[in-house]
Amino acid sequence: GAGVSQSPSNKVTEKGKDVELRCDPISGHTALYWYRQSLGQGLEFLIYFQGNSAPDKSGLPSDRFSAERTGGSVSTLTIQRTQQEDSAVYLCASSLDRGLRDGYTFGSGTRLTVV
Amino acid sequence: AQTVTQSQPEMSVQEAETVTLSCTYDTSESNYYLFWYKQPPSRQMILVIRQEAYKQQNATENRFSVNFQKAAKSFSLKISDSQLGDTAMYFCALIQGAQKLVFGQGTRLTINP
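Chains as they are written, first to last, in my numbering: chain G, 715 to 829; chain S, 1428 to 1540.
Extracted from the complex, chain S is given alone in its bound form (with noise of 0.2 Å):
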């Protein structure tokens, strides 16, 4: 079965700082996609970013960018320049062959000004 785990339930940083967000996970998978998304209080979620697995390189969306340790099974987001804008709880997620889209239980982004 394929788990997300992660562990940080609440983050808090100062506007304009850098933020890494942690995430790990389980798959006895070779092949499967890994995504970032942000629930603001609107409760919509939104996706940040996306990984293939069997792409090396580190995917980047403007100011957010994740660092893919596909042998840990690490998949952790960067957000540069935080902006008020970013407070939100933030899910990773993993999507492998035939199965649903699996959660971890969120982290929860406050951005101060």
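Bound-form chain G, shown alone (with noise of 0.2 Å):
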């Protein structure tokens, strides 16, 4: 596609419920990445996804959270039990290869907000 899209754009979701986040990254770009935006805060990098090679989840901030990445293309961030501190802006970004010369194009993001 043109950019990168993310669904749902904003999700409300009670406390201890599980939710999947959705990412379709640039058509193309071998690399996609997870990062949260806590309110007001900079970007926490999640997980990395570089083609078919076994992804980098040193960001991942507990064993509830998981992303996986099917055919190399649209990626999937699932928060099991949800807790009120998971409340926060969740990105999607590809690259070319490592985007070291181009940097990321990042999607609109959902807004996770749990009660």
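These are calculated hints, taken from the structure and not from any lab test.
All of these numbers come straight from a predicted model, not from anything done at the bench.
In this text, a Cβ means the ideal position worked out from N, Cα and C, and glycines have one as well.
It is possible that part of the hints are untrue.
Unchecked claim - Computed footprint of chain S on chain G; a stretch qualifies when at least three of its residues, placed anywhere within it, have a C-beta under 8 Å from a C-beta of chain S:
| id | stretch |
| --- | --- |
| 1 | 757-766 |
| 2 | 799-812 |
Unchecked claim - Between beta-carbon pairs, the in silico distance windows are:
| id | chain 1 | residue 1 | chain 2 | residue 2 | range |
| --- | --- | --- | --- | --- | --- |
| 3 | S | E1488 | G | T727 | 36 to 42 Å |
| 4 | S | S1469 | G | D811 | 38 to 44 Å |
| 5 | S | A1443 | G | E734 | 45 to 51 Å |
| 6 | G | R778 | S | A1443 | 35 to 41 Å |
| 7 | G | G773 | S | P1436 | 20 to 26 Å |
Dock chain to chain to rebuild the complex, using the hints, since each chain is given by itself in its own frame.
So, in structure tokens, the structure goes:
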């Protein structure tokens, strides 16, 4: 597609429920990233996919968080047993190779609110 | 480890004025890339300008320019003739080698009419 697409745009869920956030990267971009942005804060790296390599999960805050990328394209970030501290904007980005020259292209994010 | 620091949480200027946003960073690498991203209320991060560390010439993009001081590890963004549409959060970011893009905490810039 023309840009990085994320859905849903907003999600309100009850504490303890599971949620799935979707990211559709730019066609041809081999790398895909998930970041979390808490209210008024910077971006916190969560997970990174590059081609067929094993994902870099070093940023996932707990084992309640997981992500997969099917067919080298669409990615789903899953948060199990959501907690109030999970409330944040979840941003997805993609890039050609490592994004060293051109940076990343971001989606508009999913705002998750846990009540 | 690489770190990026933005020491100005908020800034406010009048329309048409020039404003400079500060950013310092730390890295052990000699080759890396620096970026400024803009995040308007729509939440989408928009790439404003980028700088390759091995290039001494400061990058410019229309009204946006940077002052890259490699020895001081400083990378400031200057916005000339500021416009109301420049109101946004601005993030400084760094990437090197096999690492991920690392962001500063952001500066909230408000352009007043």
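Structure-based check of all given hints:
| no. | hint | verdict |
| --- | --- | --- |
| 1 | 757-766 | holds (count 3) |
| 2 | 799-812 | holds (count 4) |
| 3 | S:E1488 with G:T727: 36 to 42 Å | holds, 40 Å |
| 4 | S:S1469 with G:D811: 38 to 44 Å | violated, 27 Å |
| 5 | S:A1443 with G:E734: 45 to 51 Å | holds, 46 Å |
| 6 | G:R778 with S:A1443: 35 to 41 Å | violated, 49 Å |
| 7 | G:G773 with S:P1436: 20 to 26 Å | holds, 24 Å |
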